[in-house]
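Got chain R sorted already, so can you dock chain W onto it with the hints?
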Amino acid sequence: MQNGNFLRNIWIIMKREFAGYFGSPVAYVFIVIFLLLTGFFTFYISNFFEAGQADLKGFFQWHPWLFMFLVPAVAMRLWAEERRLGTIELLLTLPVTVTDVVLGKFLAAWCFIGIALALTFPLVLTVVYLGNPDLGVIFCAYLGSFLMAGTFLSVGSMTSALTRSQVVSFILAVVACLFLILAGFAPVTAVLSGWAPMWLVDLVSSTSVLSHFASIARGVLDVRDLLYYLSVMIFMIFVNGVILQNRESA
Amino acid sequence: MIEVRHLTKQFGNHLAVDDISFTAQKGEILGFLGPNGAGKSTTMRMITGFFPPTRGTVIIGGSDILSQSLAARGKIGYLPENAPVYPDMTVGRYLNFCAEIRGFSGTAKTQRVDETLDRCFLAGVRNQMVNTLSKGYKQRVCFAQSILHDPEYLILDEPTDGLDPNQKHEVRLMIREMSATKAIIFSTHILDEVDSVCSRAIIIADGKVVADDTPDGLRRRSAFHGSVVLTVTGAATDGARKRIAELQGIASVSVVESDGDRTTLRIFPDDPAVSVADRVIASVSRDGVGIDEVFVEQGRLEDVFREITTGK
Numbered sequence: 001m002q003n004g005n006f007l008r009n010i011w012i013i014m015k016r017e018f019a020g021y022f023g024s025p026v027a028y029v030f031i032v033i034f035l036l037l038t039g040f041f042t043f044y045i046s047n048f049f050e051a052g053q054a055d056l057k058g059f060f061q062w063h064p065w066l067f068m069f070l071v072p073a074v075a076m077r078l079w080a081e082e083r084r085l086g087t088i089e090l091l092l093t094l095p096v097t098v099t100d101v102v103l104g105k106f107l108a109a110w111c112f113i114g115i116a117l118a119l120t121f122p123l124v125l126t127v128v129y130l131g132n133p134d135l136g137v138i139f140c141a142y143l144g145s146f147l148m149a150g151t152f153l154s155v156g157s158m159t160s161a162l163t164r165s166q167v168v169s170f171i172l173a174v175v176a177c178l179f180l181i182l183a184g185f186a187p188v189t190a191v192l193s194g195w196a197p198m199w200l201v202d203l204v205s206s207t208s209v210l211s212h213f214a215s216i217a218r219g220v221l222d223v224r225d226l227l228y229y230l231s232v233m234i235f236m237i238f239v240n241g242v243i244l245q246n247r248e249s250a
Numbered sequence: 001m002i003e004v005r006h007l008t009k010q011f012g013n014h015l016a017v018d019d020i021s022f023t024a025q026k027g028e029i030l031g032f033l034g035p036n037g038a039g040k041s042t043t044m045r046m047i048t049g050f051f052p053p054t055r056g057t058v059i060i061g062g063s064d065i066l067s068q069s070l071a072a073r074g075k076i077g078y079l080p081e082n083a084p085v086y087p088d089m090t091v092g093r094y095l096n097f098c099a100e101i102r103g104f105s106g107t108a109k110t111q112r113v114d115e116t117l118d119r120c121f122l123a124g125v126r127n128q129m130v131n132t133l134s135k136g137y138k139q140r141v142c143f144a145q146s147i148l149h150d151p152e153y154l155i156l157d158e159p160t161d162g163l164d165p166n167q168k169h170e171v172r173l174m175i176r177e178m179s180a181t182k183a184i185i186f187s188t189h190i191l192d193e194v195d196s197v198c199s200r201a202i203i204i205a206d207g208k209v210v211a212d213d214t215p216d217g218l219r220r221r222s223a224f225h226g227s228v229v230l231t232v233t234g235a236a237t238d239g240a241r242k243r244i245a246e247l248q249g250i251a252s253v254s255v256v257e258s259d260g261d262r263t264t265l266r267i268f269p270d271d272p273a274v275s276v277a278d279r280v281i282a283s284v285s286r287d288g289v290g291i292d293e294v295f296v297e298q299g300r301l302e303d304v305f306r307e308i309t310t311g312k
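The listed protein sequences derive, respectively, from chains R and W. Using my numbering, the first residue of the first sequence is number 1, and each one after it goes up by one. Using my numbering, the first residue of the second sequence is number 1, and each one after it goes up by one.
For reference, chain R alone in the conformation it holds in the complex (with noise of 0.2 Å):
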């Protein structure tokens, strides 16, 4: 398989999965909510008029938590939905390998998800405005909101892949999800502190998106970081793949 066409494979795909999104009222009801939920935890939750700070901490702390819902609402479909429909029959017997259509379906959800994410930048010029914020830290905390929503959307897009029903899949995803947030949530790890070893904790803590997340949201662009986000997805991907491949059934 050569390069060239592995590319243009992936990108025809992104371009069906992106037609499919603005083509039903998915997409447009995801980035609405999106921004709502975003900023009614900003301003009502977090109070970030009053708080005072020219930063966007307020705002992205939310995020792990929104993701843990939203993200699985689009990843349930990217598999269960083909399946329910038959089209994945057309899919999987085109002359193109599992690797190109996985990667295709993930990647078109995950810039559908950066789209609804860039479409928050009013709250960083309102920032801009206000005071005299660190943008290398805003950046890192949308680059870390990012990978934490592709890390979720690898995990959903794995579920969608082994049922038919949209909505397994999605509490199966929420569940995994709620796993890798708890993990590393303060009130977790204080209970496993009490009596388990430091290594245990450290070990379970860094299973974590919310310890990798709360590092770079800092502003602190660590390569693990990166390769905990990195390997998690590769690794949802390629059990993704691997379940496709061995489906028994449409």
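No lab work stands behind these hints, which were simulated from the structure alone. Bear in mind the structure is a predicted one, so any value in this text is a computation, not a measurement. Don't be surprised by glycine CBs; every beta carbon is placed ideally from N, CA and C. Hints should not be assumed to be uniformly reliable.
Under 8 Å between C-beta atoms, here's a sample of chain W residues computed to sit facing chain R [stated by the list, open to error]:
(1) GLY49
(2) LEU70
(3) GLY74
(4) TYR78
(5) TYR86
(6) ARG93
In silico EDC-like cross-links for lysine to aspartate or glutamate, where the CA-CA straight-line distance does not exceed 20 Å [as the list claims (entries may be wrong)]:
(7) W:LYS168 / W:ASP118
(8) W:LYS182 / W:GLU152
(9) W:LYS135 / W:ASP161
(10) W:LYS242 / W:ASP261
(11) W:LYS138 / W:GLU170
(12) W:LYS138 / R:GLU81
(13) R:LYS15 / W:ASP88
(14) R:LYS15 / W:GLU100
(15) W:LYS135 / W:GLU170
Leaving out everything else, chain W in the frame of chain R:
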């Protein structure tokens, strides 16, 4: 040529397809028949590479579907059962996607899409969303994607299912038109279709090939093949019947229906290949009995199908 070699598929304990082998040459339209659940769709899914066989393989024009999957799949056009199409796209964009992923670009791509739209009578719905189309149109859109890249091999799983009689006719015409340069395998429940379209038919039951013959050859297997059906009127039919039974080359005569002075007889010859109609007619007219209707039964595919697949 499509070469199906010892194809076997096992789902858990259930043997869905059991050692099926056959070939389909270019120029041939192969009808794929069998009761529901006989393994037709499973076989087609293995031929198109949708899932791997438990044992055996398929060679598509020299490319093995397992080891040279992409090359093999590139030569196939596939219409799956129930004709699935993405609902949230327009017809034009969908076919555009199919053309791109099949390697067409630029003007060649546009030309392909335009041609296929015309050919499948879809030009009028080009900019319509698929989910607003009727079943017949969806079927045609899916059919369109299967022939878009002018594949050498066409695998069609119930291509006329859910179409009205006119659309069925159109699809059959299209299949026949294309058959000169392609090998076509299509499954169907409609036995008339086999007659009007196929050059050969394979019947499978319980995952095994139970018949592989031309439609005429299949018909010849009917118990009624070559029998003469004769409807006579008048009072003296009993005598006429006895005299027919005594004629040379007649095995037996049975009464199909008797309604007042109209009687329908079925006359079985000793050898179905030798026509006895002449002799029967001559004998009846000698008796002065009026002939209402007479024809030589070719045998009905339905009867043969039932006999082969159920053993009754």
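Q) Are there hints from earlier that the structure breaks, and if so, what are their numbers? A) none
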